[in-house]
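Residue numbers (my numbering), protein chains in the order written: chain A, 1 to 135; chain B, 1001 to 1151.
Just so you know, these hints were derived from the structure itself, not from any lab. Each hint can be trusted.
Residues from chain B that face chain A, not an exhaustive set, calculated with beta carbons under 10 Å:
(1) P1083
(2) M1107
(3) V1113
(4) L1114
(5) G1118
(6) T1130
Model, not experiment: these values are computed from the prediction. The C-beta atom is built at its ideal place from N, Cα and C for all residues, glycine as well.
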Amino acid sequence: MTLAGVLLEASFWKAAGMIATIVITSSTGEVLTAAAMKSMGDLDDIRAKSGLGGAIKAVVTSPLFVSGIFFMAVAFFSLLFALNHMNLSLVGPAAASLTLVLNTVAAQLFLHEKVDRRRWTAAVLVCVGVYFLAH
Amino acid sequence: MTHHRLTFNQYLILAFVSVSVPLGDAALSRGMKSLPPISAGHPLSLIGAVFTPWIALGIALLIGYFASYLTALSWADLTFVMPATALGNVFLALLAHFWLREQISLMRWMGIVLITVGVAFVARGPVNTTPPISALAAPTPEELDAKGAGR
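Sequences are here, hints too, so could you generate the full structure?
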């Protein structure tokens, strides 16, 4: 089948939509969680100062963390839904690789991490590596 | 602001982030395969599965993973921790090859090499390129000195 033929197939767009939902919700969850952890500082220091209970309280009472967990839960159920319609060998590597790339872009834009050429190279190598490993 | 050095404990946390997911998934898989098939009509039987040794071990490992992942994110960038978690896939493939004697295809070996090189790339750079917000809010010793001198 030609590329144009594949693009005209409704099943292609359905599969792409399901994978995109997993990737976007998963990346949103991970970036929100990372933002929450960055905002509270080194957890080891908090634990040393306020004990394990204090560290757990600092994490679970953070609105950013709670929103991150919400998006991670949506991503998990989107994955279950996708696995009901598609093979794990397609969904697993596609979702893992694309999430890695989207996380790198989002970390640069929203977390203001300095994603230099070294980190971009690493992200692409790991992304292709995960895809190869899953096949 | 960049932090280049990790303490021994921080290396241990990153190592646990890497290995706990594949080990946890393997424990869950082994536990679920040892159980009789669970039908969609009886989802409550899944609750009983939680208390079997392999599933309980898998859940404990995944809870440990999440706690260590969050700890790592509190002192390292997301773009630093992500490749570390991918290294777990390499660990699982090598475990399957050398311990379970599973065959690894050429494509998988290429995947292992690419992930390892990718992780080595990131590991040679800074761990954290952004200061924590708490550090921004707290005055530095120099700022405190300047305030004291101004009085």
